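Given chain A's structure and the hints, the job is docking chain B onto it.
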Amino acid sequence: MKNKLIIYAALTGIILVTACKKQLQEHAYNSLIADNFYNNKTEVLSAVLRPYTHANAWVTPSGQDSWWRAAELSGDQLAWPTKGRHGEDGGKWKRFHYHTWTTDEGGLNSAWSLMYWGMGLCTDPIEQLNKRDISRMGITQTEKDSYIAELRLLRAFTYLKLMDLFGNIPIVTQIGIPAKPETKSRAEVFKFIESEIKASIPAAPKLSKTQIGRMSQAGAYAMLVELYLNAEVWTGTARWDDCIAAADQLITNAGGGPNGALALDPNITDQFKTTNDLSKEAIFSIAYNYSVANFEPSWPGEFYHFKQQQIYGGGRNGNDGVVVIPGVYTTYDGVDQRRSNWLLIGTQYQFADGVTPVTGSEEYNGQPLVFVDNIRKNKTGSTVSTMSEGEENSGVRFNKYKLGNQIPGPGGNPPIDPNYNNTDWNIYRLTWIYFAKAEAIMRKNGGAADAVACQLINDCKKRAYSTLDWATKAYTPATLTLDELLAERGREFIFEGFRRDDLIRFGKFTTGTWWDHVPSAPFRALYPIPQQQINLNANLKQNPGY
Amino acid sequence: MKFKILLKASLFALLCFYLLPAMAQNKTISGKVTDLETGTPLVGVTIAVSGTSAATNTDVNGSFKLTVPAASNTFTVTYVGYKPQQISITGTSTYNIKMEPVINALDEVAVVAIGYGSQSLKEVTSAVSHVDAKDFRQSGSRNALDLIQGKVAGVNITRTSGTNPNSGVSVQLRGVVTVTGSASPLIVIDGIPGGNLDLLQQDDIESIDVLKDGSGAAIYGTTANAGVILVTTKKGRSGPPRFDYSTYFRKEYIQRRQRFLTADEYRQRIASGDIVQKDFGSSTDFLDQLINHDNLSQNHNLALSGGTDKTTYRASINYRDLQGIAKANARKEYALRFSLNQTGLNDRLKVQVDLATNFNNANLLGGSGWEEEQTKNPTLSNFNPDGSYRFDLTSTNQYARLFQETSYRKQQTSSADAKADLTITKDLTGTVFGSVLRDSYVDGQYRLKASENSLENTAFPGGGYAYRGTYLSQDFAFEPTLTYKKTIAKVHNVTALVGYSYRYHIDETFSADNRGFINDLFHEDNLAQGTALSLGKANESSNKSDNTLIALFGRVNYAFSSKYLAQFILRREGSSRFGDNHKFGYFPSASAGWVLSEEGFIKQIPAINYLKLRVGYGVTGNSGFSNLASLVTLGGGGIYLFPDGSYNQTYGPNRNPNPDLRWETKRELNIGADFTLIKNRLTGSVDVFKRTTKDLLDTYTSPQPPFIQSSIYANVGTISSRGIEIALGYDAITHKNFKWHVDVTGSTLKNTLDSYSNDQYKVLFKTFGGIGGAGALGNAITTYEGGELGEFWGKRFAGFTSDGKWLFYNRNGDKVTNDKINNSADRSVTDLAKIGNAIPKYYASLLNNFSYKNLNLRVFLRGKFDYDILNTTALSYANKTWSGNLLKSTFDKYKDIKDTYMYSDYYLEKGSFVKIDEVTLTYNFKMNNKFIRNLRVYVSGQNLATITGYTGSDPDFISDTGTGPGIDNRSAYPSTRSFLLGLNVGF
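Top line first, the protein sequences correspond to chains A and B.
Going by the working numbering, the first residue of the first sequence is number 1, and it counts up by one from there.
Going by the working numbering, the first residue of the second sequence is number 1, and it counts up by one from there.
So that you can see chain A by itself, here it is in the shape it has in the complex:
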């Protein structure tokens, strides 16, 4: 009896167990398993384009602690002061402003992590494309080479910006290998980026209407311009001629253009308006489109007031965060249209009627919101102006890129913008190339401008003035000093993520004094390698001084 029982029990057991393993297979109902992908051109493209949506997070002022914040908030133009109960945020904005960041600064680790993630998102499709047969993917060999070249360029761009912040970083071109990559010197990283760019240019697509928002030959040349412009700082060896040569490739349209030949936009608004995908000077941008795709620009959170929508007639507000440091506003002269067009100051009125003041919601709850060119507690009559002493209306505000209006203005004017919220964010634009070339010429020349340099800057600057005003504003070799160039760069590229680099290149980053900032130690010109990363990978070396 007992034996029988055991046999039956064992039998049942065996049947049950063998049935088990198969039933423990996981089902992916709403995710893609990687091996089942890359089966047609659309799938290939959706993988090739993935790193761009990610770049939105780290290269634009997206509200995340990443490259943009590190590249701007330690400079002399922008800051995120504490405003009443808002903005203390663990003191991180002050540490940027005072250059007192720590080696385990969360925001810097986040930047590192987001950027290397972006790098991985380039490498992964490169590996996938390389190991698959083109016929299975439904693309031609030329298309495959073009995608890979484009991804290598975008990866080089990611390394370029990583090097910009951290200097000495590991170089990895495979997923997961090596397990613990070691730090390379900034000069080595520079070399790697340069060779990657040069190797990828031939197969990479030229910039064209269908390549907007993506890397192209034009983007590659722009990267070379940035590399060579900063080569002296980054490698110890100046490369002014290479810089000029790369800039000329763009100026002569060798890399293609987004809307016909690459050229300066005729004014100071085409690059920043809702239809700036039609700009002639955009070289590389993140292409947003809310109308058809719900993919909206990320910057409102960073710059906008809690009730900003009433000011411009749209639907997006922000965290009342980044403002212009006191005094920057007055570096623009009174007739410089960039001041009135790109910055917001004074009493703000409702877009809908143009006369009712927008009211505040914090210190000025129920009272008119007036942006002021100072950061202090005016409400209580205080004159103390520090990073800690802001109010909701402190500081002049960002108005460079426009979101457009969702409701008509007074009397239907302006009418509703059909491209509301479609504005692209430019990473490289031709104006910047002009400035770089002019600077290279001047530096080659011992800091003195020549007629060519002046012409380059004047071509850009004159767009900000009426013909009448411009007559007295044009630069001459006598007035265009290096200091003046730095100031003009500030006026032209404010908010665009280049200020820290400029200050470093002009030797002002750690020696300069501005508003609530005093000079810091020279080693602060590089950010520390995040301690969190060093803890995970002993082969990473901390930057000197930290």
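It is possible that part of the hints are untrue.
[Said to hold, decoys possible] Computed cross-link-like contacts, DSS-like style, restricted to lysine-lysine with a CA-CA straight-line distance of at most 30 Å: (1) 209/A <-> 537/B; (2) 805/B <-> 841/B; (3) 379/A <-> 888/B; (4) 690/B <-> 805/B; (5) 41/A <-> 544/B.
Calculated directly from the structure, the hints in this document are not laboratory data.
These numbers were taken from a predicted model, which means no experiment stands behind them.
Chain B in isolation, oriented as in the chain A frame:
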């Protein structure tokens, strides 16, 4: 798949029949059972023939009649509260039995559920707590676990949403066992694993058992890490048909409102220049406008039961209408529970069928917005001068919402289970158990075109908003077992169990919304009519996921002369979630007990009536983590511009795969004692435990490069806890007419995060407990490797400068301003320090039960002791930088601050409290008529008073479970004091 289960079931049944031996002849016994002291007949006494399944219950006159196999020679008579008797079947067929009451002894017959079976409490060798219906809290439960809050040492049940009828409880057993895995105990209702608490009405519950330690819980393998709670529902008893009706009505009153300024006080502060704010001219108590002062909750339960000695049934129908203290915050439920037991095949086959369902209509609109309303400038109004609702871009008119929006849930939860026990031989029983659990709901929301949400939407201004979402989850379980029971040589009692378990869970969701409606007629019933959909601005989503658990398990219980006890468990379990390299794990346990009071040398000590020592060790697992975590998957990365000008989804790798992913493993050692002392007057148990959970699952930072993602889901850390639990019952007075019984429970625990690193992944600390509010204050709790859980790490307050700016101590003890403080988490440089701990060191409860004749008074006190709470309301609203209403204390205790929000020990307060949780006065009518069997009337008051030094919201409702406890909720659901009038009648 289902076919396979069927196949297995039939195979199993076949096996059972194969082994079926021949049947035998029968005889009949009958008699009457009475109380030895009073002589009153006892109703519902169990008469069971030893060694068979023949059993019955006495009827309303205390009489019984039972057919028994001819070979039977003894039967047992058992009744709750009385000493059981074993009676020999002699020549006579009629027995008059007198039963002797036992008062509060460790019940001779108390049986506890231990999973896949039950066991006499006396024979239990693991840490099991048993709570009978008579010990339940009488507060009118919103969730079945409310009934045992504070009743079981070591089980923390916290209502972080207060008395919100649409909220559950957070349960934690013996401390934190996981960081990211499932932290809730496994609920087993009548054998249904993963049972749904919504299916339990308090009047249907017979008892609740808690398997606290690993040696008992191991039988549930990878779902048992957070403990197991076994719920047994009431079943029918043979005898005449019974009706039991019970009801209560409850009314709640708000209490412990935080003291904000009234409109007049606010005006005075403006006038005196204390605050620079605007007087808008109105006077509004915003919070009060959300309060449902007319709330009245009610519960009605009618149970029908009865049966013969072969068939018993119980059916109950329940209606309850729970109204919250907030407006538009209610829940109406209609529930049905049915159980049928039938014995056949000459008493060899017992089949039980249970069906339960609950129809729930919940109003989910109200019950929130508390922070916003109590901190608005009180000189504002909810209305404009013209009588329309006042809207404002940076706040929400929470009052207007109640009239301009709807949000409901229509839910049905059902379960069905069937269990067949077949006595194959005298010693061997085969059981097949199968269950289905189904939970589904439809959510609907609509916001009128004129509502604030609609008007302030800039894409479709004034276009309304409609939403519908559906949810369906299904759980299937199939669990056949074989039980072998044998007494060898009269002293060796062996019970062995083997079983197989197959569990499958699947859930599916769908939701869609739309805006831009031309009128308010359709609400969410014709979603496609909005224009947002055609413009691509409407949202739509759907999801489906499933997982499977498969296990084989066995258990052996051995008792030698009721003196030496032992239990061994082994479960082999696999989950579809585990990585390819670790599909199955083994979960063993062993425990032993020694009944010292059976030993001669103890028997001589008269003060000791019963004494058992237990020791147990068990391994359990946790498979409660997300699906697909071990696979390489691609995730949508957002929409981007394709070359043809269209925008499409992009895909990239969205996780670092981990084929080594496996369960978290908990090892637990438990040493305990159960005792009855001093003439059975003092009963109790003590447990000491140490548990360690290894292979903690969490997202660990992965080095970048070479990994793509910054984190990987991996098994790395170790968390442990050790503690002591005590439960005591004492009969202080046992006079015939006046009795006073005291129950005390207490527990203490130390919970540490032992490690969070291995050679691959390093995490030196983790932070928890978001402080929230403006100023991005981050997390309040930092847990370092090797440190205790719940530690507040922050700045140490050192005073204010003359102009009201914060001063803190740096690591050298110097007072410095905030910008000089080093906020690094690196303990070798930071100025931050350990400033408190959010986990109560001690939990205790005290129940006093007084009865005088038919009158009973119950006073229940609960408390948590020795811990800190971060008073976030004071942090945010006792600071003049806030432009709305302020706490009154802004102008005394906090008057010196003229600076922004700052987290430091300045806002930590002692959380210790004692609460008068329940006072219930009951009158039991002595009924001596044919129409009414029993009648009980009671009044009960809940949450009557809280004695505490804490100045924020009710500390009882502040989370004390999980890894980020002790942060007061600025928007806490108001604490209420409630009064309840109840009636139970049986006929």
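Checked hints:
1. 209/A <-> 537/B: 26 Å, holds
2. 805/B <-> 841/B: 34 Å, violated
3. 379/A <-> 888/B: Holds, because 22 Å separates the two Cα atoms, which is no more than 30 Å.
4. 690/B <-> 805/B: Since the Cα atoms of residue 690/B and residue 805/B sit roughly 46 Å apart, the hinted pair is violated (cutoff 30 Å).
5. 41/A <-> 544/B: 28 Å, holds
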